[in-house]
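Numbered per mature numbering (1 follows the signal peptide of the UniProt record, and there is no 0), the sequence shown spans residues -22 to -1, 1 to 298.
Pair by pair, the computed Cβ-Cβ distance ranges are:
id : residue 1 : residue 2 : range
1  : A285      : T254      : 29 to 39 Å
2  : G256      : N168      : 31 to 41 Å
3  : V267      : S190      : 31 to 41 Å
Calculated from the structure, these hints are not laboratory results.
Glycine residues also receive a C-beta, built at the ideal position from the N, C-alpha and C atoms.
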Amino acid sequence: MTRLLWASLLVLMAALPVSARAQSCSVAGATISFGSISPVQAGNTDVTATLTVSCSGFLLQGSVARACLNLGVGSGGGGISPRVMTAGSNQLQYNLFADSARTIVWGQRTTPSTPPISVDVPLGVLGSGSATVTVYGRVQGGQTTLPAGAYSQSFSGTSATVYALPNPGTNTCTTITSHPSTFSVSASANLISDCLISATNMNFGTAGLLNSALTATSAITVNCTNQSPWTLALSAGTGSGATMSNRLLTRSGGSQTVGYNLFTSSSYTNIWGDGTTGTATVTGTGSGVSQVSTVYGRVPAQSTPPAGTYNDTIIVTITY
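Produce the entire structure from the sequences given, and follow the hints as far as they go.
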């Protein structure tokens, strides 16, 4: 009789640690950084992140646990498709996906069109194990009017919940709600000040004599990050001995020159240079869309040099 009681006590003591151990899954590594993004450059920005899902407490409950990573609406509002990172009142649209083609939005079981991520975690003899899953992020291109800044969104509490089911069989993450626990996810992007610039050529045409002034225009187009100040400066050119106050067109295959200059307006009063030696620059503030500045060129009346094609090259510098 004594031996039977002692054996029963041993069984009870051995069973206590199994029933007391919490059954759950946790998620680590849920930080998605898109790095620095130029809002004026075309195209999407794609990144990936690896999450580690660890499950424990499932002793003698099968060889695998199905973990269901549910992601709802994060900080800053918005929805699930698209999600938004915010910087103040500004919103940068993006999303997180379960597939490399970025067609399956990572969502939650209550929104069937945007399901949770399903991860099967292999369990060891002690009922614990881990697995990794790749999350695919994308910031949609074309959001050109957003200002520079640090944009972010976070998920925690009920907006980031993982459910788990050992020995799941055919059960899917649209129905699994057992063993819930929460985790944290954050997404961030740094929109930078950036500018795109292009310019057209200036052509004074054909002239037989330079006994009267010739005029022409060209256009400099800039597209800078919204709210970012910019300054346009023009070089003196490549003519031998040229200065910003006396630019020179040089004859192709020769050394003869024609004096000319570039101005900020059609009044031909302010020479467009780099802001030194009495010259002016042109300034503006980016809007996220193209802005055009006109360059006004003028060849004053002067002695006519030998016939030929005269040209110069000007370097346009934008500072922002």
